[in-house]
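Undergrad: Sequence:
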Amino acid sequence: GDGGGVLVRGIADRMVDVTVEHSDFVDNYNDQGAGLYIGRFTSGLVRYCRFHGNRTYTSGGATFKGGGLPDNLGETAVYRFCEFIGNEAGVTRSGASAWSYAKGGAFSTRHRTRAVFEHCTFVANRVRGVLPWGDAIGLTAEGEDFDSDLERCEMVNCAFWGTDGDDVQVRSDAEGFSRVENCAWPVGEFSASGVDPVATVTLDAFPFTTIDQPIPLADAPLVDAGLDLGLTPDLKGDPVPQGLAPDIGAYEVLDDVSDAPATTRAGRLAAHPNPFNPITRISCDLPAPGPATLEILDLRGRRITVLHAGPLAAGRHAWSWNGRDDRGRLVPGGAYLARIVSSGWTAAHKLMLVK
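At position 63 of the sequence shown (counting the first as 1) the number is 63 in this note's numbering, and the numbers step up by one without a gap.
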């Protein structure tokens, strides 16, 4: 019943260190850790991985760190730049609520082992069952106490969002965390006594471009709100940070045109990143105020979408394009043109959407 996608487990006197990277765990089902189960006598580094739609009957909908023996004390799973979307714990294979004491819609662990989360994004995970415990992360001391930091989890630069779960995003028995820094969630979505979260970012609205690829919006409070851990690149492969500080979550975005490696000259368009997938930032220094229209065209000149139509002041402006047309549909990969017309002058820039 452990590890519907991957199970790694060592044996006594033969400790296993595992690295799992650049992997997608999607739509797996099992009793615990449906995507990835890191079992006893095992420590691991999990980075640049996506966990989508995994479900368990009991705990750790996406991933689980096992090891309930005294000899497993301090075993650690480290998750870096990982994405947890739509995972569930406490459900049957058919999707009904299970008669179980489930914990951790995305992650859970045994009492004596621990996890460290750095630059991870949790969206739309949930836990169900008799006593739901942590829509995203659920930790319990299993009737004992968390006596040392060897048993306590850590979180830095992690983002949480969910609106249809049965519990708060993060729930733990007392002393389950030793460190929580620069993490983001809505008010009331973190319940864990014995730790004082540092530099918490409060989310009042959905902060990402989409649920399926939760890249922070350029004006979201996640931008430039992280702690510099010296880690790079992000889940997309972009360097971290690109702004004044790292962005919270698994992705780094440009929060301001001044962060781009190249600057624009007056009346010229620029885009960064380019080539891009799934979003690029288009910038322009307008030489004079006036009405302006910025549109995306295909190479035959057919309009794909309009990013701006209306008056603009002179100076620098920037817009984001997410590779969708004016009806919200994703466009095919290939070359496109960004074109702006304003006050008697026109500028264009070629964009390359890669898939």
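Simulated from the structure, these hints should not be mistaken for laboratory data.
Cβ coordinates follow ideal geometry from the N, Cα and C atoms, glycine included.
Possibly wrong hints are sitting among the right ones.
Ranges of calculated distance between the beta carbons of each label pair, as one might list FRET restraints [stated by the list, open to error]:
1) V130 / A313: 25 to 31 Å
2) V306 / V198: 29 to 35 Å
3) G74 / S94: 35 to 41 Å
4) W99 / D196: 35 to 41 Å
5) A12 / A335: 55 to 61 Å
6) S23 / D71: 36 to 42 Å
7) L131 / D24: 29 to 35 Å
8) S94 / V26: 14 to 20 Å
9) R303 / R9: 17 to 23 Å
Undergrad: Evaluate each hint against the coordinates.
TA: Against the structure, the hints:
About 59 Å separates the C-beta atoms of V130 and A313, a value inconsistent with the hinted range of 25 to 31 Å. Separated by about 43 Å at the C-beta atoms, V306 and V198 break the suggested range of 29 to 35 Å. In this structure the hint that G74 and S94 lie 35 to 41 Å apart at CB holds, the actual value being about 38 Å. Checking the proposed 35 to 41 Å range against W99 and D196 shows it holds: the Cβ atoms sit about 36 Å from each other.
Separation of A12 from A335 is about 58 Å and conforms to the stated range, judged on CB atoms against 55 to 61 Å. Between S23 and D71 the Cβ separation comes to about 28 Å, which falls outside the hinted range of 36 to 42 Å. Checking the proposed 29 to 35 Å range against L131 and D24 shows it holds: the Cβ atoms sit about 31 Å from each other. Evaluation of the 14 to 20 Å hint for S94 and V26 yields a pass: the beta carbon distance comes to about 18 Å.
Between R303 and R9 the C-beta distance comes to about 56 Å, which lies outside the given range of 17 to 23 Å.
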